[in-house]
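Asks: Below, each chain spelled out in residue letters.
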Amino acid sequence: MWDFLTWLLWKLLIWALPAIIFILIAIWVVKLTTSFFKWLRSGTIALFDRVIENSRLGISYVGDSLALDTLSHREKVASELDESAKKCEESGDPESLKNLKRAAQCPDSFKRSYALDALGRLGNRAADTVTIQVKGLASSDPFVREAAAHALYRMRRQAAPARSALVEVLRKRRSEGTARYAVLALEQIGGLTEEDLRVLHTIALANNSYAAREAAELFERLTGRSPHSSDPAAPNGHLPAPG
Amino acid sequence: MLTSLLKLTVFLLRLALLVFLIGYLPIYCGYVKLGLALLAVSFPVWKVLFYAVRPLGPNWRKARSGSCYTYWHHEFTLVFKGGTTTANLEEVYDRLRKFDDFDGKTNRLARKRGKMVRNARYIYFESQGFFGLLSALINPPLVPVRLWSHRGNRLVVADTADGHMLKGQRRFQAKADGHGGIVVVTEAYDRPRDVFNRLGLRLMGPDIQSEIWTSYFNNIRLYYASRATSTEVAPIRTPRVGLPATSSSSVKWVPLPKYPGEEV
Chain A
1 MWDFLTWLLW KLLIWALPAI IFILIAIWVV KLTTSFFKWL RSGTIALFDR
51 VIENSRLGIS YVGDSLALDT LSHREKVASE LDESAKKCEE SGDPESLKNL
101 KRAAQCPDSF KRSYALDALG RLGNRAADTV TIQVKGLASS DPFVREAAAH
151 ALYRMRRQAA PARSALVEVL RKRRSEGTAR YAVLALEQIG GLTEEDLRVL
201 HTIALANNSY AAREAAELFE RLTGRSPHSS DPAAPNGHLP APG
Chain B
1001 MLTSLLKLTV FLLRLALLVF LIGYLPIYCG YVKLGLALLA VSFPVWKVLF
1051 YAVRPLGPNW RKARSGSCYT YWHHEFTLVF KGGTTTANLE EVYDRLRKFD
1101 DFDGKTNRLA RKRGKMVRNA RYIYFESQGF FGLLSALINP PLVPVRLWSH
1151 RGNRLVVADT ADGHMLKGQR RFQAKADGHG GIVVVTEAYD RPRDVFNRLG
1201 LRLMGPDIQS EIWTSYFNNI RLYYASRATS TEVAPIRTPR VGLPATSSSS
1251 VKWVPLPKYP GEEV
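So the sequence lines, in the order shown, correspond to chains A and B.
Just so you know, the first sequence maps onto residues 1 to 243 in my numbering.
Just so you know, the second sequence maps onto residues 1001 to 1264 in my numbering.
Keep in mind the hints are simulated off the structure, nothing from the lab.
Yeah, the Cβ is synthetic: ideal placement off N, Cα and C, and Gly gets one too.
Any given hint could turn out to be false.
[Said to hold, decoys possible] With a straight-line Cα cutoff of 30 Å, these simulated DSS-like cross-link-like pairs (lysine-lysine) come out:
1. B/LYS1112 - A/LYS76
2. B/LYS1098 - A/LYS135
3. B/LYS1098 - A/LYS86
4. B/LYS1098 - A/LYS101
5. A/LYS135 - A/LYS101
6. A/LYS98 - B/LYS1112
7. B/LYS1112 - A/LYS101
8. A/LYS87 - B/LYS1112
9. B/LYS1081 - A/LYS86
10. B/LYS1098 - A/LYS172
11. B/LYS1098 - B/LYS1175
12. A/LYS86 - B/LYS1112
13. A/LYS135 - B/LYS1112
14. B/LYS1112 - A/LYS172
15. B/LYS1098 - A/LYS76
16. B/LYS1258 - A/LYS172
17. A/LYS87 - B/LYS1081
[To be verified] Between beta-carbon pairs, the in silico distance windows are:
18. B/LEU1008 - A/ARG225: 44 to 52 Å
19. A/GLY191 - B/GLY1083: 33 to 41 Å
20. B/LEU1222 - A/ARG221: 28 to 36 Å
21. B/GLY1178 - A/LEU57: 53 to 61 Å
22. B/THR1085 - A/PHE48: 56 to 64 Å
23. B/THR1009 - A/LEU205: 30 to 38 Å
24. A/ALA127 - B/GLY1066: 56 to 64 Å
25. A/ASP93 - B/LYS1258: 53 to 61 Å
26. B/GLY1178 - A/GLU90: 34 to 42 Å
27. A/PHE48 - B/VAL1195: 54 to 62 Å
28. A/ARG171 - B/LEU1056: 24 to 32 Å
29. B/PRO1239 - A/ASN54: 52 to 60 Å
30. B/ARG1202 - A/LYS86: 33 to 41 Å
31. A/ARG221 - B/LEU1199: 49 to 57 Å
[As the list claims (entries may be wrong)] Residues from chain B that keep clear of chain A, each with C-beta distances beyond 12 Å, as calculated:
32. ARG1061
33. ASN1088
34. THR1214
35. VAL1241
Modelling step: build the complete structure from the supplied sequences, incorporating the hints.
Replies: What follows is the structure, given as structure tokens:
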């Protein structure tokens, strides 16, 4: 009897050990497989999203490049973008914001400027679109440039990261409406450097400047004196720090 | 010299295209594609060329006897919730002067951009917005108007400039109505520049033109929506009228020969 019990115990021990090891290995394999599939799924989803997004971008790019700039096309584009802007404003729909951002970088001039304008009206909800607006400022299309500058003006202090791009616009495009919106946007952003004030001073005194009046008013407000003043230190000397 | 050469090039290009399209379209169907392809290919070239050929001034000087104009009138009234003040009136006038509300919102057809040309202020509109894509055959893609304003009358005056499909003047004015409201009004006397534009205007112009100014005014109403109540924009169009007798010596219904400055 005792022998039988000892035999049974040994047998159990002998089989239990590999069984436990097997179970542990099995658990580890299942865990590994699960995490592998989880990783695979998340990777695929991210990739899938990227593939979908890029396909959409590609399709809209081709579509925008081929689209004829007709009245019906414009109405269609505007109503789609209005719809997106409305959704974005009411519920902060991220897909609509993505749609507007995509449109604000597309090659269709009307669509792009309309989207930039719509983003400019969204306020806080489109705070992260300043880089898109800055790209618009650098566009070769004057309508897009003006729409981007106007949008930055509407974005108020959120447009602060665009300060240097706006000053650059003033340097290059003083005869355009873009320059006027750039001055107005700079006024709201504030924190202008001496170099920025020098550019404003030049714009205020320049011939053929669309923004002369606004630049002169802003310069006067910041420095406390007219850009036309005959103060010898004014034009080329040391300008006082902004007030 | 360069400007004249560019103008001549553009003119010849357009003439060749017109002859090609008009002469060959009905006979050889295969040329339709070629003609349209040429149009599509040369369109950006025209755009660049016309952008380079800047307007030199209004495209008309005085009213010709016997010329018939179309009279346009759009207006609406703003009543500010806190009462209408001179500051409100000045603000509305300033927005009119700067065309800040033209783009976007309810205006789904046309766009504008500002440009100084030889110290005169111009606003360029896209002709697609007014007469459609075919307008590009006879008009530049961007049509300019010369702008100046009169602060005393709170009046903004826009004279059609070189390249515009119309000849005439449009005015925008903000005035107190005497009952606590501000009337915002735009009036225009204009006529097509030539026979082609007359045809284009007859076919598809008036409605679109009226729609653009209505939507511009609707944009202004939307801007003030939180601060004021407003009436609907009422458009009136009266064809075939003469230019009005010039009642005001300072602001006549003809372009001023010398640009008076951005604001007088």
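Asks: Look at each hint and say if it fits the structure.
Replies: Right, here's what the structure says about each hint:
Straight-line distance between C-alpha atoms of B/LYS1112 and A/LYS76 comes to about 19 Å, which keeps the hinted pair within the 30 Å bound. A hinted pair counts as satisfied when its Cα atoms are at most 30 Å apart, and B/LYS1098 with A/LYS135 qualifies at roughly 24 Å. Between the alpha carbons of B/LYS1098 and A/LYS86 the distance comes to roughly 26 Å, so the proposed pair stays at or under 30 Å and holds. Straight-line distance between C-alpha atoms of B/LYS1098 and A/LYS101 comes to about 27 Å, which keeps the hinted pair within the 30 Å bound.
Annotation: proposed proximity of A/LYS135 to A/LYS101 holds, straight-line Cα distance about 12 Å (limit 30 Å). Restraint check for A/LYS98 and B/LYS1112: satisfied, since their Cα atoms lie roughly 26 Å apart, inside the 30 Å limit. As the CA atoms of B/LYS1112 and A/LYS101 are separated by approximately 22 Å, the hinted pair is consistent with the 30 Å bound. Restraint check for A/LYS87 and B/LYS1112: the C-alpha separation of about 27 Å stays at or below 30 Å, so the hint holds.
Note on B/LYS1081 and A/LYS86: the hinted pairing holds, with a Cα-Cα distance of about 26 Å set against a maximum of 30 Å. This hinted pair checks out: B/LYS1098 and A/LYS172 have alpha carbons roughly 21 Å apart, not beyond 30 Å. Distance restraint check for B/LYS1098 and B/LYS1175: the Cα-Cα separation of roughly 17 Å lies within the 30 Å cut-off, and the hinted pair is therefore satisfied. With a CA separation close to 24 Å, the supplied pair A/LYS86 and B/LYS1112 stays within the 30 Å bound.
The straight-line distance between the Cα atoms of A/LYS135 and B/LYS1112 is roughly 20 Å, inside the 30 Å bound, and the hint therefore holds. The hinted pair formed by B/LYS1112 and A/LYS172 meets the criterion: a straight-line CA distance of about 20 Å does not exceed 30 Å. Note on B/LYS1098 and A/LYS76: the hinted pairing holds, with a Cα-Cα distance of about 28 Å set against a maximum of 30 Å. For the hint linking B/LYS1258 to A/LYS172, the alpha-carbon distance of about 28 Å falls within 30 Å, and the restraint holds.
Distance restraint check for A/LYS87 and B/LYS1081: the Cα-Cα separation of roughly 29 Å lies within the 30 Å cut-off, and the hinted pair is therefore satisfied. The beta-carbon spacing between B/LEU1008 and A/ARG225, approximately 50 Å, falls within the hinted interval of 44 to 52 Å. For A/GLY191 and B/GLY1083, the hinted distance range of 33 to 41 Å is satisfied, since their beta carbons lie about 37 Å from each other. Our hint of 28 to 36 Å for B/LEU1222 and A/ARG221 holds, since their Cβ atoms are close to 29 Å apart.
Take B/GLY1178 and A/LEU57: their Cβ atoms lie about 56 Å apart, and the range 53 to 61 Å holds. Checked against the hint of 56 to 64 Å, the C-beta distance between B/THR1085 and A/PHE48 comes to roughly 58 Å, which is consistent with it. Restraint check, B/THR1009 to A/LEU205: a C-beta distance of roughly 37 Å satisfies the suggested window 30 to 38 Å. In this structure the hint that A/ALA127 and B/GLY1066 lie 56 to 64 Å apart at CB holds, the actual value being about 59 Å.
The hint said 53 to 61 Å for the Cβ distance between A/ASP93 and B/LYS1258, and at roughly 54 Å that hint holds. Hint check: B/GLY1178 to A/GLU90, Cβ distance near 40 Å, so the stated range 34 to 42 Å holds. Checked against the hint of 54 to 62 Å, the C-beta distance between A/PHE48 and B/VAL1195 comes to roughly 59 Å, which is consistent with it. A/ARG171 and B/LEU1056 have their C-beta atoms about 27 Å apart, which keeps the hinted 24 to 32 Å range intact.
The supplied range of 52 to 60 Å is met by B/PRO1239 and A/ASN54, whose beta-carbon atoms lie about 53 Å from each other. Between B/ARG1202 and A/LYS86 the CB atoms are about 37 Å apart, so this pair conforms to the stated range of 33 to 41 Å. For A/ARG221 and B/LEU1199, the hinted distance range of 49 to 57 Å is satisfied, since their beta carbons lie about 52 Å from each other. Interface exclusion of B/ARG1061 from chain A stands, the closest Cβ pair being 24 Å apart, more than 12 Å.
Every Cβ of chain A is farther than 12 Å from the Cβ of B/ASN1088; the closest lies at roughly 20 Å, confirming the non-interface assignment. Every CB of chain A is more than 12 Å from the CB of B/THR1214 (nearest about 15 Å), matching its label as outside the interface. The Cβ of B/VAL1241 sits about 28 Å from the closest Cβ of chain A, beyond the 12 Å cut-off, so the non-interface label holds.
The structure is consistent with each of the numbered hints, conforming to all of them.
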